[in-house]
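Using the hints provided, position chain B relative to the given structure of chain A.
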Amino acid sequence: MSLITDVQGYRRPVQGTQPEYLHPAYVSSLKRAPTQPLVVIPHTLTEITGPQFGNEDIAPEIFDLTRQHAGEPLGERMIVTGRVLDEDGRSIPHTLVEIWQANAAGRYWHKWDQHNAPLDPNFTGAGHTLTDAAGRYRFLTIKPGCYPWRNHYNAWRPAHIHFSIFGPAFATRLVTQMYFPGDPLLSSDPIFNSTPDEAARQRLIANFDWETTVPETALGFRFDIILRGREQTPMEGKA
Amino acid sequence: MKLRATSSQTVGPFFDIGLRRFCCADLLAPGLSGPRITIEGRILDGDGLPVPDAVVEVWQANASGKYAHPEDTQNKPLEPAFKGYGRIATDDQGRFSIITIKPGPVPGPHGTTQAPHLQISVFMRGLLKRLVTRIYFPDDQLNGADPVLSLVNPERRGTLIAKAAPEQSDRLTWDVVLQGSGETVFFDC
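For the record, the sequence lines run as chains A and B. To convert, note that position 45 of the first sequence is 45 in the numbering used here; the numbers rise steadily by one, no gaps. To convert, note that position 110 of the second sequence is 1110 in the numbering used here; the numbers rise steadily by one, no gaps.
In short, the hints are calculated from the structure, not lab data. One thing to keep in mind: the hints can contain errors.
As the list claims (entries may be wrong) - To give an idea of the chain B side of the interface with chain A (calculated C-beta under 7 Å), a few residues: (1) V1011; (2) F1014; (3) D1045; (4) G1046; (5) D1072; (6) V1152; (7) C1189.
Virtual Cβ for every residue (Gly too), placed ideally from N, Cα, C.
Okay, chain A solo, but in the shape it has when bound (with noise of 0.2 Å):
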């Protein structure tokens, strides 16, 4: 039996580009961030493996969001377009992009939002991808509204899409939000202040993207989501 025990791990987070459990601003993580320090463990096996979806696990048209139902959904038509890379710049094909959003009155479509704006009977704002062969991933969709909550006194979410990327590894795994450029709400929001660093912060905002842009039908939008790289090989470690 061959061993695998001394693997090519991934590496840590950079100090301040990720946010702390515990964020007092967003009154949510009060009473769910662990109050333990975490423990440090080294990437095994277990880590360097993750789950794996292929062709064969996916709905290929559901990267459209805006055909999901009979008729057209209303809003701006946008595309979100971008690459999923890792810390090298190495693109991650074939992995499983999902995304979730807000209509364009600011309205999810779930049972617990009850914002008193309009659901859309011809938007979900649900959706998923694989990357192809150079990490590119593809939505058409609407622009998500604005939407109250109750965090502070008129605490209002700037306008945001959550994105739910795999990647290679168990470590890579990485649940995000993507923000646009020009958002008000930005400054006020706790949520997207958490993280420390400010051109963390700033990478977490789409870039409006003319040749993305379709002419007459759509607004581009460009995001690239970066996944940790790997740390040196052993052999390069002692080289």
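Frame of chain A; chain B shown alone:
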């Protein structure tokens, strides 16, 4: 210059619409080897209240201790019907249930062997990034030398080990306690 990994953000309260498609509480498939088990648990917040809006993800090896992944090059049998992946949203009482097989042991660092375990991610509103933990099995003789369990204060190790239901060795319970007395051990990995 190297790129920096994208910042994590909370899954929020409405993830169900987006993550439902790949939910999977039952990892079993016809012909799988290994003992069938059901793990039931609850997720409790800092007030001891159940968390009805969490999602638990499972990653595990098959009964031989082989992961369905190209970087697991061990000479052990792969079972194509077993992905080793599960995703379960908690119900209104904060409960979840995983139906699977007990995995085999897998290699650990420096020639060690890891005791059978399920690798767990927990996502929920209020968590700006996932929590990572593990479920080990009661009375497994490999637990004592497990290289990850051995990093944990012995007084807290019990939070990582499921409990067997009386006279039902295939039914286990394992709770996630987010804060306070009996707080579950979470990993930085």
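Evaluated hints:
no. : hint  : verdict
1   : V1011 : holds (5 Å)
2   : F1014 : holds (4 Å)
3   : D1045 : holds (5 Å)
4   : G1046 : holds (4 Å)
5   : D1072 : holds (5 Å)
6   : V1152 : holds (6 Å)
7   : C1189 : holds (5 Å)
Figure legend: structure checked against the earlier numbered hints; every hint is met.
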